[in-house]
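*Asks:* Residues per chain, in single letters:
There are 2 protein chains.
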Amino acid sequence: MIKLNENAHVSTENGWQIFEKEYDAKQSINSGSNYLLGNGYLGYRGTFAENTKEDYTACIVTDTFDMADGKWRELSNVPNGLYTTLTSNGIFYALDVTGYNNYEKKLDFKDALLKRKTTYKDGLSLNTEKYSSMHEKHLLAMSYEVSTINEKTLSIKTGIDGDVWSINGDHFQLKETSIEDSMLISHVKTKEYGTDIYVVEHHSFSHQGSKEETIQEESSIFKSLSFDLGANETLTLTKYVAIYTSNDSEQPKEDAIQLIKNTINKGYDKNKEEHVEAWHDLWQAYDIKANGNIEAQTLIRFNLYHNIIATPRHKKHPIGARGLSCQAYQGAAFWDQEIFNMPMFLYSTPEVARNILEYRYDTIYGARKKAKDLGYDGAFYAWISGKTGEELCPDYFFKNVLTGRKIRNHFNIWQIHISPDITYAISKYYQATEDWEFIENFGAEIVFDVAKFIESRVHFNDFKGYYEVIRVLGPDEWHENVDNNTFTNYQCKFALEEALEFYKQFKNRNNEELTSLMKDLNISNERIEKWQKIAEKLFIHEPNQETLLIEQFDGFFKLEDITPEKLSNRLIDEEEYWGWPNGIAVATQVSKQADLVQLLVMHDHLYDQEIVKNNYYYYEKRCKHGSSLSPAMHAIIASRIGDEEEALKYFYTSSTVDLFSTNEAVVGGTFIGGIHTAAAGAVWQVLVHGFSGISFRDDSIEINPRIPEAFDSLEFNITFKNQHFHLNVFNDIVFIESLKSNTRDLDFVINGSKHNIRKHSSNKIPS
Amino acid sequence: MIKLNENAHVSTENGWQIFEKEYDAKQSINSGSNYLLGNGYLGYRGTFAENTKEDYTACIVTDTFDMADGKWRELSNVPNGLYTTLTSNGIFYALDVTGYNNYEKKLDFKDALLKRKTTYKDGLSLNTEKYSSMHEKHLLAMSYEVSTINEKTLSIKTGIDGDVWSINGDHFQLKETSIEDSMLISHVKTKEYGTDIYVVEHHSFSHQGSKEETIQEESSIFKSLSFDLGANETLTLTKYVAIYTSNDSEQPKEDAIQLIKNTINKGYDKNKEEHVEAWHDLWQAYDIKANGNIEAQTLIRFNLYHNIIATPRHKKHPIGARGLSCQAYQGAAFWDQEIFNMPMFLYSTPEVARNILEYRYDTIYGARKKAKDLGYDGAFYAWISGKTGEELCPDYFFKNVLTGRKIRNHFNIWQIHISPDITYAISKYYQATEDWEFIENFGAEIVFDVAKFIESRVHFNDFKGYYEVIRVLGPDEWHENVDNNTFTNYQCKFALEEALEFYKQFKNRNNEELTSLMKDLNISNERIEKWQKIAEKLFIHEPNQETLLIEQFDGFFKLEDITPEKLSNRLIDEEEYWGWPNGIAVATQVSKQADLVQLLVMHDHLYDQEIVKNNYYYYEKRCKHGSSLSPAMHAIIASRIGDEEEALKYFYTSSTVDLFSTNEAVVGGTFIGGIHTAAAGAVWQVLVHGFSGISFRDDSIEINPRIPEAFDSLEFNITFKNQHFHLNVFNDIVFIESLKSNTRDLDFVINGSKHNIRKHSSNKIPS
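Residue numbers (the working numbering), protein chains in the order written: chain Y, 3 to 769; chain S, 3 to 769.
One chain only, chain Y, in its complex shape (with noise of 0.2 Å):
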């Protein structure tokens, strides 16, 4: 047993496992994070059986997105059908109200099963076992087993709890529960779109019960039983429970009752094992084996895990910035699915990737939507993203907690780096999967389109002669209503640039697509010479030549130059929001996270070494991390100029911020907390692009080894051009071997030199 943190209480035995074995009320909330389950659809936190909304018990389910306060929209937290008391006597088995002998709550990644061993001060044991099935994406189950070393009278209510915890307002306009064929069902009604939600639980007993009972509420539906159990005997209760919506299937109730049927037919243990060996699939794609140091191996699954159940694999949903875990940040998708989540999805299961990309194709309505309401052509996606692409972000996100004034932040108007965000990304995947079929039927259209809201949203300086990009949010949110932001001039520049690219692909190969394309969507051939100027003159903050640094936008600095600690003093009340529009944080040179790491990771061609260096060493100098998508940034570029040190405590902080987390969940009466999946998918990119020093090319890999010295050597597979590879690299030697399932060679390029992987090759390359 390691122990990976002592406050947090978190432990593991081989690297492929979290557990803790002291109850911490105060982490309860975190806890119920860390250990949540998933698989894409939903997310069931990793609570107790016994707790209820008080503990922040919660099953999020994809595409119920509902607004029910008049501003926020956020997805549902569903009935909760996996809800079981126990009692004896007039006591009740929680752990927080009765006291423990033992304690364990276990999250094993490999299997994906959460289990959790408690032995009471009376001698009562509860062990339970619970997964949200990769298999079966709309099922849930539990094993509960409950034994004694002397005899009890022991009471057992079960079933469906539709009493919810919800951060903005009631989302069912509906409550009804029933009883089929000895199922309960819980059926609730979206306020927005009318959505329908059945869960249908079914539980079974290994003993009979002396009293039975049904506990029937509008949304609340349980069965209560009272049996005696002998001194060591064993009972247990096995729960099933389905949840289907209106959006999944046109008859939910139907398939969630004939979900159940299957599964009862099938047996606990065999829907067990179906979930497991597709968890050990995925395992199979994504893992990263961090050789010699387990507790890093740890953190490294714990994240792998996190972003692969925040991820629909079923459907083409957004990625939410909390994931499923719960509902802050409304279940929506941002930049981060893009940039931070779709890397190890992109270069492990590249259909996935497409999946997201394809969602964004879905959405492009609610993107043309939103720039013709500002004023502007093409496409501008909403910066929090649901169902429809129209913008969900409110006017007023945090509020002045010295005043209690709420404040008009404005990402959803200003932080345009979005639109071209997205043409990264698919850039990034059509030179990693050369698949031009998604390009001509998706993505081209998105690409031009955001070209053609870049193009509407540029001025032309005549007196600068160049075109500037005014009034943007770069990445580093605590300075809005700034110019010529380098991070979103370049991103634009690129989106221009590939817009032409795919242009001209498209001339190149089939001349009607596109002139049917460039009708559709209103491409001259003056707008394409448009883009061609706006790219070549779009001015882009140069280095300095004798500093080398980069100006993060016009006039960053000639802010106050302090350091993010020396600035802290200066806060009133812990809680304020450090940015827009006088934050502390505001007319310094403090960031929220640094831009220009943020562009020199994404753009890792651009600047030779000497400007990398001075421009890391100066920013991460003035950088709060007051996101938690900065410290990976940082690590790979620490990594990048070899500063193992830097490297390290960055992969550390960034992905323990959830595991270690001392963060306070609810912040100024609003919950916060939940996983962050940005920097669970950097993890998988600090390892990748940052340790290995992995940089995918249009015609090859190149690999630069940085190993910090904790590890021995970091194992892993890629899949790029179709073609699947597993390495295995340290810092002297590479191994590569080309699966057998590749069609071609392709060119590795190792610390500078260029070898050819011949197909279905083992290769070890010194470096």
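Treat the hints as calculated values from the structure; they're not laboratory data. Keep in mind the model is a prediction, meaning the values are calculated, not measured. One or more of the hints may lead you astray.
No distinction is drawn between identical chains; accordingly, a pair holds when it is met within one copy or between any pair of copies.
Claimed, not checked - In the DSSO-like style, the derived pairs of lysine-lysine whose C-alpha atoms are separated by at most 27 Å in a straight line are:
1) Lys193 with Lys430
2) Lys626 with Lys560
3) Lys371 with Lys560
4) Lys430 with Lys159
5) Lys723 with Lys509
6) Lys112 with Lys268
7) Lys408 with Lys623
8) Lys73 with Lys560
9) Lys117 with Lys5
10) Lys466 with Lys521
11) Lys466 with Lys371
Chain S: place on chain Y using the hints.
*Replies:* Same frame as chain Y, but now just chain S:
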């Protein structure tokens, strides 16, 4: 005696004076401003001889700008040479200390004399008379008479009180006092520029004293005289104070001493006579008789008086937003100077208007520097302009009273209309005077450099096909960071058109001069074409076809529509700033002052009556009049659209903003009291442009009388095209006298009928 206001205890006898007979300590700050003496060189607050800095006594002198606190540059308050106290057996004769039987403070406008009479309860009477000479700008004088009904031993302390009030730091690096030739001398030196200031005092008593003492301190110097005053005897103290600075003269001390000597030689009566005669000449030029309404007459003269004394006539110095009534707003010029103060001078004594505009020429260096520092071309005038024209407006102007944090307002960098406003004033000056010599030597350079600034400040929006002006504040300062502000855009367009017009005139008149100027200013033919193009394609919000409403800026009509009254309920603290960034007005249509109303005043030919009416009523309802500039503009437009009731209401509001002031003079710890000189200047505009309906056209004067019933007629002199006219405007008849000095005929268009007014003729024209 006509009481003008119950609470402010202000009365008049015949419209040529204000007086109070009750002393109200709470009004003493406002009273000190309202009873201000001045002559455009200095302002001496209408406090009492015995008052000190605790009573906001001040003598503010032009051209003494100094920055003592590193943030605010402001005029200096110089040592108080009229300081005099009276004591008797431990009784200190002051209004708030010793009870009085009779009291009167009176400001006589005609003679510009401030008189004070007090009879204390113990039978002692004090009569004083003060003036700041309009004939000799460096001179202050006081006659101080004490009498008593029963014999008393009295002590008078008189001299120079150097312990002065200053808003932003102590401005003097050196303070010294001396006595020469029985003159008391105070010498101070400012911190920033080392300006030497000399205050030289001389006093004489009508009686010999029993005991004389000299009290000499670092910055103060007094004589103390004790004497016995018999029953019904009167003692007279006569004081002269001369003030010179090293900016006025190379030998300021000698000049001050010489002035005192000359003054003594002439004697009190002669000096006073010269002062009074100078004032009678001014009233000849500026007075407006409101026949039939003594109350309104008093308000009018109060405002004309303050506009006169705020305005430097002797040199090209800025007119302060609070004149010389205190240091508030730094003693510096805003757009108020050209748009609010100047018109009265322009159409009465155009040489004073030229003075004002030459000040802008003298400070063009600062405007060019500001433009360059911010990345623009040409001349971007300071929002707050002092001696050099460099920007005096600090980044942080207001503070958030709820949090104590200072607010980054952007008056200094976004309120760009100041530059075209100056072009507007030059255009009006040229129209009124045909003074080509001024244009050739001063005006054109400003106008061309303003055009260059605008050229570099606008952006062409390809997508929309027009030029935009992005990120500005219009006159309504509660809405910062707005685009295509109608007022600003129209002013920019107008300023470009004027530049083109002057260019054309140059070409017609004198090609050599033009060639040289164009070369100096780097103005090519292409640039002239560019200005033409920008002027043509600069976006201006058009009146909506149905509502006829003109939008204040992009998106204004989408802001929350609420009345100022309802909105004010959202205040947490009465002193909160309503504007940027998160004040209660920001996200609403409530304005500090109504941009559109201002535009309609300044460009009275732009829209027809229906459009004017609809816009007036729309914007008036949503205007909080948070600026003293606002009510007068509303009075003018209300008058124009025939709403006499509203017009009169706003006339009274505007003309009493200081006189009846119920405002707090100290807000958030900052003194913002003092005379609102723009409102003073605007009252002239209400009477001439509003009630008399006078518009100055290129070749005529239009008169459309709309004299409110509250007046019989308005009678005043007007100068236009170097011709002088005496007008008496009734609603049904206009009397026009072309004065003897005139050299030509001029067309008057009265209610649409053209009348050629022959030189030296008297005309009675039915309207």
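*Asks:* Quick check: which numbered hints come out false for this structure?
*Replies:* 1, 4
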